[in-house]
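Peer 1: Residue-level listing of the chains:
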Amino acid sequence: MPENGLRTETMVLNFGPSHPATHGIIHLKLELDGETVVGFVEEPTIGYLHRGMEKLAENMTFHQWITMTDRMNYVSAPLNNIGYTLAVEKLLGVEAPKRAQYIRVILSELSRIADHLVCVGINAVDLGAFTPFLWGFQQREMIYDIFEKYIGARLTTTISRIGEMRYDFDKDIIYMIKCVLDELEPVIAEWDQLLTRNRIWIDRTRDVGVISKEDALDWGFTGPCLRAAGVPWDLRIEEPYLVYNELDFDIPVGTQGDVYDRYLVRVEEIRQSMKIVRQALEKMPEGPIRIEDSTVVLPKHEEIYNKMESMIADFKFVMHGIRAPEGEVYGRTEAANGELGFYIVHKGGRSPYKIHVRPPCFYLYSAFEKLIKGRMIADVISVMGSLNIIAGELDR
Amino acid sequence: MDSAVLATVILALIKIALILAVLFTGVAYYSLAERKFSAFMQDRIGPNRCGPFALLQPLADGVKFFLKEDVIPHHVDKVLYLAAPAMAMIPAMATIAVVPFADPIPAPASGLFASLGQIQFQLADINVGMLYIFAVSGLAVYGVVIAGWASNNKYALLGSLRASAQMISYELTLGLSVLGVFMVYETLQLDAIVAAQTSFISFLPVAIPKWGIVVQPLGFLLFLIATFAETSRLPFDLPEGEAEIVAGYHVEYGSMKFMLFMLAEYSHMIIASAVITCLFLGGWNLPWVDMSSLPAVQRVAAQLAVFTAKAGFFAFLFIWVRWTLPRFRYDQLMRLGWKVLLPLAIANLVATGAFYVVKYTVGIG
Numbered sequence: 001m002p003e004n005g006l007r008t009e010t011m012v013l014n015f016g017p018s019h020p021a022t023h024g025i026i027h028l029k030l031e032l033d034g035e036t037v038v039g040f041v042e043e044p045t046i047g048y049l050h051r052g053m054e055k056l057a058e059n060m061t062f063h064q065w066i067t068m069t070d071r072m073n074y075v076s077a078p079l080n081n082i083g084y085t086l087a088v089e090k091l092l093g094v095e096a097p098k099r100a101q102y103i104r105v106i107l108s109e110l111s112r113i114a115d116h117l118v119c120v121g122i123n124a125v126d127l128g129a130f131t132p133f134l135w136g137f138q139q140r141e142m143i144y145d146i147f148e149k150y151i152g153a154r155l156t157t158t159i160s161r162i163g164e165m166r167y168d169f170d171k172d173i174i175y176m177i178k179c180v181l182d183e184l185e186p187v188i189a190e191w192d193q194l195l196t197r198n199r200i201w202i203d204r205t206r207d208v209g210v211i212s213k214e215d216a217l218d219w220g221f222t223g224p225c226l227r228a229a230g231v232p233w234d235l236r237i238e239e240p241y242l243v244y245n246e247l248d249f250d251i252p253v254g255t256q257g258d259v260y261d262r263y264l265v266r267v268e269e270i271r272q273s274m275k276i277v278r279q280a281l282e283k284m285p286e287g288p289i290r291i292e293d294s295t296v297v298l299p300k301h302e303e304i305y306n307k308m309e310s311m312i313a314d315f316k317f318v319m320h321g322i323r324a325p326e327g328e329v330y331g332r333t334e335a336a337n338g339e340l341g342f343y344i345v346h347k348g349g350r351s352p353y354k355i356h357v358r359p360p361c362f363y364l365y366s367a368f369e370k371l372i373k374g375r376m377i378a379d380v381i382s383v384m385g386s387l388n389i390i391a392g393e394l395d396r
Numbered sequence: 397m398d399s400a401v402l403a404t405v406i407l408a409l410i411k412i413a414l415i416l417a418v419l420f421t422g423v424a425y426y427s428l429a430e431r432k433f434s435a436f437m438q439d440r441i442g443p444n445r446c447g448p449f450a451l452l453q454p455l456a457d458g459v460k461f462f463l464k465e466d467v468i469p470h471h472v473d474k475v476l477y478l479a480a481p482a483m484a485m486i487p488a489m490a491t492i493a494v495v496p497f498a499d500p501i502p503a504p505a506s507g508l509f510a511s512l513g514q515i516q517f518q519l520a521d522i523n524v525g526m527l528y529i530f531a532v533s534g535l536a537v538y539g540v541v542i543a544g545w546a547s548n549n550k551y552a553l554l555g556s557l558r559a560s561a562q563m564i565s566y567e568l569t570l571g572l573s574v575l576g577v578f579m580v581y582e583t584l585q586l587d588a589i590v591a592a593q594t595s596f597i598s599f600l601p602v603a604i605p606k607w608g609i610v611v612q613p614l615g616f617l618l619f620l621i622a623t624f625a626e627t628s629r630l631p632f633d634l635p636e637g638e639a640e641i642v643a644g645y646h647v648e649y650g651s652m653k654f655m656l657f658m659l660a661e662y663s664h665m666i667i668a669s670a671v672i673t674c675l676f677l678g679g680w681n682l683p684w685v686d687m688s689s690l691p692a693v694q695r696v697a698a699q700l701a702v703f704t705a706k707a708g709f710f711a712f713l714f715i716w717v718r719w720t721l722p723r724f725r726y727d728q729l730m731r732l733g734w735k736v737l738l739p740l741a742i743a744n745l746v747a748t749g750a751f752y753v754v755k756y757t758v759g760i761g
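First to last, the protein sequences are chains Z and H.
Residue numbers for the first sequence follow the working numbering, beginning at 1 and rising by one.
Residue numbers for the second sequence follow the working numbering, beginning at 397 and rising by one.
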């Protein structure tokens, strides 16, 4: 009790489950002293978006479950699709042909750009700057146009198949990609002008949600949030998958691990991704985009309709799925948010025995209380936006 | 009744009706302009469905607000909850009473208004003009605070607390920054301030108009910034902060009650633009252009056009800034108000005062 005898007490504020800044259904119970967050009344409630995806995998074929990965991080579905198919390919011990891998790299990086555009844009919206978001979002729509042109879907793309890419890049798609990259450059430059040196933006993000190198590693941070804390860790470099070892790009690393650094890292990653896509378009070899193994990939349509063996293979494939060897495998890729891992246990049959997903933002979110304790309520949304918590991925 | 009193009353009623009609139309089209401008800035199309260039959009918005169900949540303090929108709206409307729009015209030689001598384009020409504006607009905070309190909602409460702290802090800067202007023009009456700005400063090789923005540049900047805070526009829109405290004090309001808050906010911006024009931009006068020789009706039309253009620029500035900048945090807002703007305003005041002391004792300039 203060000296003047006035009784003061803290206030409990329900932040969510439905709140404009949570972007998904996330529930916090904040204990507020004025505008300052003293702490959480209880652990953040997650699971409002739990759809039991890991359980569903136990009754689905490996191919069917690709559609589930769309619905995890729905901001960058192709990265999930590709991450999952790579994990299954690791289990099968197959590798998609070179051209398919280049296509995957290009789609991954486009998807990473889209994710970062949305993440930084939403972070800016939460802090009151609406215009940068819409400029970025327009470019994101252009990227989605590419996905639509390629596979037919925009949001839930299911863009990758095990051992193959279903469609080849034609010259229209390559032209569209080049157009997007050309148009993206001025947008990023404008972001720089509107935000990077904007005093209010710096004030709102500098020294907010700081996490040290050691803490970030301890909490299992990965992706832009880890790199912003100063750890140059990127799976594309550390254990190159696809054809990342043939491409030249840099890993932006922050120094302070605050929201501003995460913003800078993401913007620089957009630039690097653009560089990767440009290189990949140049280096992409001609050749097949599927492996010739009818136990892993569907036969071509003309073969199904004309050859008995292919028709049987197609039937077996659709009814029973692919025949994967028994075993356990952990496949991990660098998704837009960090390390996206799929731990697959297979004990024979058409469905996996268990798939466990390691979503990057589950680990980011577990450090959330530490990041915002003692800060103001306006920092809660600033930090949450910068961690890029995607409820679909968090709850699965 | 004395015919002069009768004429005054009737004239006042006519003016009230006209000013409110213009203000409300202005607010309606200001909101449309904001939507169109923001769409332009963000590479969108914006409203384009209702009538040519969406000119009927404000009407559609108004009708929509009227037709919405008037929900009164059961957990609110009913009386205060219903009174708050009005308490926000009334000061917004009342401040415009002392804003002049053009030079007075001579009254018609015969008829009811002959006894008045002249007709002013101002509802009330009171000698404490600016003080009246401060006094009345200071009341606007009650509407917001009471709305937040009566809503019985934690987010609304946070919003109203922010609003009260912000408005009271920035009112100091607002008041102090404008004192320099009073010193220069030696009056508080808005039409006299406008008249004083028609003269020129000639100590430079070029004669420049003695506008408030020229003689009080720092005062102008401070006043402008404080005005943004007073009208709770970005980057000072913390009382609303839609992302953090979910629209703040009007989170529990809907239909017409919500519309009244919106009307109040936009009226504040329009009136603030008009006041800035009067204080710092020479009101309806253009330097080097003599409009006084024109016939009365044309002169008034020209002056109103000039005034509208100048005020319109500031109204546009409000939109422009809103869609460009992020929002401050609460502590940063307070720090800016108390540690930066207020000392600067005091320094400006002292410097202006010192200048005039030197001027009158030594006799420079």
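Honestly, the hints are just simulated from the structure, not real lab data.
A portion of the hints provided could be inaccurate.
[Said to hold, decoys possible] Once the Cα atoms are required to be at most 25 Å apart in a straight line, the calculated DSS-like pairs of lysine-lysine come out as:
(1) Z:K98 / Z:K29
(2) Z:K316 / Z:K373
(3) Z:K373 / H:K550
(4) H:K474 / Z:K370
(5) Z:K178 / Z:K98
(6) H:K474 / H:K550
(7) Z:K90 / Z:K316
(8) H:K550 / Z:K29
(9) Z:K178 / Z:K149
[Claimed, not checked] A few chain Z positions that, by computed beta-carbon distances, are all more than 12 Å from chain H:
(10) H63
(11) A129
(12) W135
(13) V267
(14) E292
(15) H301
(16) D395
[Said to hold, decoys possible] Some, not all, of what chain Z presents toward chain H, calculated at C-beta under 8 Å:
(17) P20
(18) T131
(19) L194
(20) I200
(21) M284
(22) G287
(23) P325
(24) I381
By construction, the Cβ of each residue, glycine as well, lies at the ideal position given by its N, Cα and C atoms.
Peer 1: Looking back at the hints listed earlier, which ones does the structure fail to meet?
Peer 2: 1, 2, 4, 11, 12, 21, 22, 23
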